[in-house]
Amino acid sequence: MNAHSIAGLIALNLYLLVVGIAVLFGVRGWVSWGELLRLSGFAYMLGVAATGVALVTELVAGLDLSLLSVLATGLVLAVASGLAGHAVGHSLPRGRSVRVRLSGTAALFGALLIVYSEALFRSGRLAGLYEFDGWAFWVPKGEAIYFFGGLDRQFFAELPGQSYPPLVPAFEATAFSFMGSADVVTLHLQFWFFFIGFLTAVIGLLSPHVPPILLWPPILLLAVAPHVVGHALQEQGDFILDEFFALAALLAGLWLIDHRPWELAGVVLFSAAAMSSKREGYLLLACIGVAALVASSRQVRLMWPRLLLAGTIAVALTLPWRVFLHVRHLSSGGAEAGGLGLFAHADRAWPSLRLATSATFDYDIWLIVAPLMLLAILAAAMAGATRLAAYASFVVVLAISAFTWVTWAFPSLPITKEAALNPIVRLTGSLAFASTVLIPPLLTSAWRGRGSGGIA
Amino acid sequence: MIGAARERVRVRGPSRAIVVIAVVSTCALVGVHYVKAVSQLGDTASGNSALSFDDREIAGGNSIVVDQRAPYEARASIPPDSTYRVVVGKRLLDRTPLTEEFVTTWLTYFLMPRRPAPDAHWVICYGCDSSTLGDHYDPVWQDGEGISIGRLP
Chain A
2 MNAHSIAGLI
12 ALNLYLLVVG
22 IAVLFGVRGW
32 VSWGELLRLS
42 GFAYMLGVAA
52 TGVALVTELV
62 AGLDLSLLSV
72 LATGLVLAVA
82 SGLAGHAVGH
92 SLPRGRSVRV
102 RLSGTAALFG
112 ALLIVYSEAL
122 FRSGRLAGLY
132 EFDGWAFWVP
142 KGEAIYFFGG
152 LDRQFFAELP
162 GQSYPPLVPA
172 FEATAFSFMG
182 SADVVTLHLQ
192 FWFFFIGFLT
202 AVIGLLSPHV
212 PPILLWPPIL
222 LLAVAPHVVG
232 HALQEQGDFI
242 LDEFFALAAL
252 LAGLWLIDHR
262 PWELAGVVLF
272 SAAAMSSKRE
282 GYLLLACIGV
292 AALVASSRQV
302 RLMWPRLLLA
312 GTIAVALTLP
322 WRVFLHVRHL
332 SSGGAEAGGL
342 GLFAHADRAW
352 PSLRLATSAT
362 FDYDIWLIVA
372 PLMLLAILAA
382 AMAGATRLAA
392 YASFVVVLAI
402 SAFTWVTWAF
412 PSLPITKEAA
422 LNPIVRLTGS
432 LAFASTVLIP
442 PLLTSAWRGR
452 GSGGIA
Chain B
23 MIGAARERVR
33 VRGPSRAIVV
43 IAVVSTCALV
53 GVHYVKAVSQ
63 LGDTASGNSA
73 LSFDDREIAG
83 GNSIVVDQRA
93 PYEARASIPP
103 DSTYRVVVGK
113 RLLDRTPLTE
123 EFVTTWLTYF
133 LMPRRPAPDA
143 HWVICYGCDS
153 STLGDHYDPV
163 WQDGEGISIG
173 RLP
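Those protein sequences? They're chains A and B, same order as listed. All residue numbers for the first sequence refer to the numbering used here, where the first residue is 2 and numbers rise by one. All residue numbers for the second sequence refer to the numbering used here, where the first residue is 23 and numbers rise by one.
No wet-lab data here; the hints were simulated from the structure. Everything numeric in this text was worked out from a predicted model, so none of it was measured. Treat each hint with caution, since some may be false.
Sample of chain A residues facing chain B (criterion: CB under 8 Å; computed from the structure) [to be verified]: (1) A88; (2) V116; (3) L121; (4) S124; (5) A128; (6) L130; (7) Y131; (8) W136; (9) F148; (10) P218; (11) L221; (12) L222; (13) V230; (14) I258; (15) P262; (16) A384.
Stretches of chain B that chain A covers, calculated by requiring three or more beta carbons in the stretch to come under 8 Å of a beta carbon on chain A [unchecked claim]: (17) 43-52; (18) 59-70; (19) 133-142; (20) 153-165.
A virtual CB, placed ideally from N, CA and C, is assigned to each residue, including glycine.
Work the whole structure out from these sequences, hints included.
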């Protein structure tokens with residue numbers, strides 16, 4: 002909890018940014034330095050996702066996670082991405098000038114976001130570790146990796162949450178290495194970097210396509226939502242899962258409109274990272290996959306093979322962890338009720354749906370993010386942007402169905418929003434985040450109408 | 023041309039009206055909740071900085087451990103490469119509703135890299151009956167609440 006630890010975290014996140022810039026060069030490239038600056042948040046999140054998936058694979062393979070191995074991993078990722086980018090013809094811009102155009106609206110909301118970010122930073126700088134899941138298994142797993150190098154046989158078997166993939170503990174251990182000690186207080190700030198990186202990624206991705214007045218307010222609405230203000234810096238996997246999920250949802254939505262390959266590459270990377278963060282990631286990413294397949298059903302031959310290939314690669318990247326669970330005879334985290342058990346607990350279906358819906362629309366948790374999403378979908382559909390509207394509709398419906406299934410399929414969970422008893426509020430975060438990133442393009446499509454080319 | 027413009031307004035009017043409603047209501051809510059959020063975050067920061075080092079480090083454990091000295095004494099007494107076991111009993115003079123159920127889990131987190139082991143020589147006795155540990159239990163620290171830390175040969 003001192004300047005030394007904070008300096009360590011800054012170094013770690015600069016390192017993630019550098020790796021991410023290399024990954025960005027590999028999958029997309031940039032035409033000007035100003036564009037790279039605009040996409041720096043996106044590059045950072047790419048770096049987090051790529052490094053996280055790589056670290057999980059290394060841990061499963063039995064490699065020790067140390068400062069040196071983390072740096073080597075980043076180097077390998079950067080070199081491989083650089084070579085891939087070079088192979089597909091990406092090159093660095095020739096000029097050195099960095100031009101950034103900022104409208105008055107963007108400047109105003111940007112200033113608000115900076116003040117908010119500073120307040121969030123201060124709130125986390127000296128925060129204690131209070132959350133049960135945090136001290137019961139998320140942080141101890143990170144400590145175990147930090148102290149013992151790898152996936153320690155004792156702790157990863159005895160601590161709760163056996164089936165949870167170790168992306169978050171791997172980052173916690175990496176943060177400890179960069180800070181020089183297992184400083185669980187300053188560790189909160191690592192989650193600040195993730196959250197702010199996510200917000201800047203969304204702003205950078207959407208700002209060329211969406212007018213500032215349609216982009217910034219929904220993002221600030223999420224930032225000031227009570228659940229975000231109270232829990233964004235928790236040392237757990239929920240928010241990073243939401244951030245990866247939302248970025249995958251956004252890129253999938255953009256790809257449905259303009260079919261750019263780098264967007265699908267981003268979907269693969271963020272999907273794999275989401276599934277490596279929490280087991281719910283599989284369920285949530287299935288929602289995106291099905292929604293994208295349905296929304297593109299008029300171009301089955303063109304789009305479905307690519308979507309299915311992307312999904313297959315993303316799942317394949319998470320298979321080592323599933324194999325690891327099997328080899329070590331650890332719980333795979335299946336539903337309590339089992340496959341047909343849902344019918345035995347049919348009486349829980351309606352209360353589970355009601356709980357999922359009420360948590361999603363709860364003003365005291367997410368303000369009006371969900372109603373705003375419905376309005377945006379309606380407006381986009383009315384304006385003729387049917388593909389994006391259909392995709393967003395299916396994401397909402399499928400996600401709420403998934404939340405319903407979680408409470409229904411785990412009969413030990415009481416029907417309540419009480420965080421200590423049922424994870425429903427944390428689960429709905431994924432949809433709140435995904436809604437927030439889809440609302441600006443939906444509103445833009447609604448404003449411009451189909452004839453003007455939607456958001457592209 | 024006027025006809026085309028009218029047609030655009032007819033087609034886009036309702037969707038644009040929804041966009042305007044969405045933006046205005048979002049901006050209004052952001053205006054209200056932004057101030058609340060920044061204020062709440064400031065209060066949280068002030069509350070955190072007012073905590074003592076021990077309160078901040080033990081944090082969630084404050085509702086479990088009863089006596090803050092116990093986990094610190096355990097860290098000081100038990101070498102980092104040793105094993106320990108927590109024995110919980112009914113002899114605590116003071117307890118919280120969470121103590122008996124969660125003290126072992128919380129100490130696993132707090133005492134890392136020390137490993138819990140059922141046959142460990144180091145014992146953290148949380149209200150246990152020390153006579154059940156054998157005649158050779160040698161407490162190196164104890165408080166008046168029924169907590170002790172000791173070693174078995």
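Failing hints, ascending? Result: hints 1, 14, 15 and 20 break, sorted rising.
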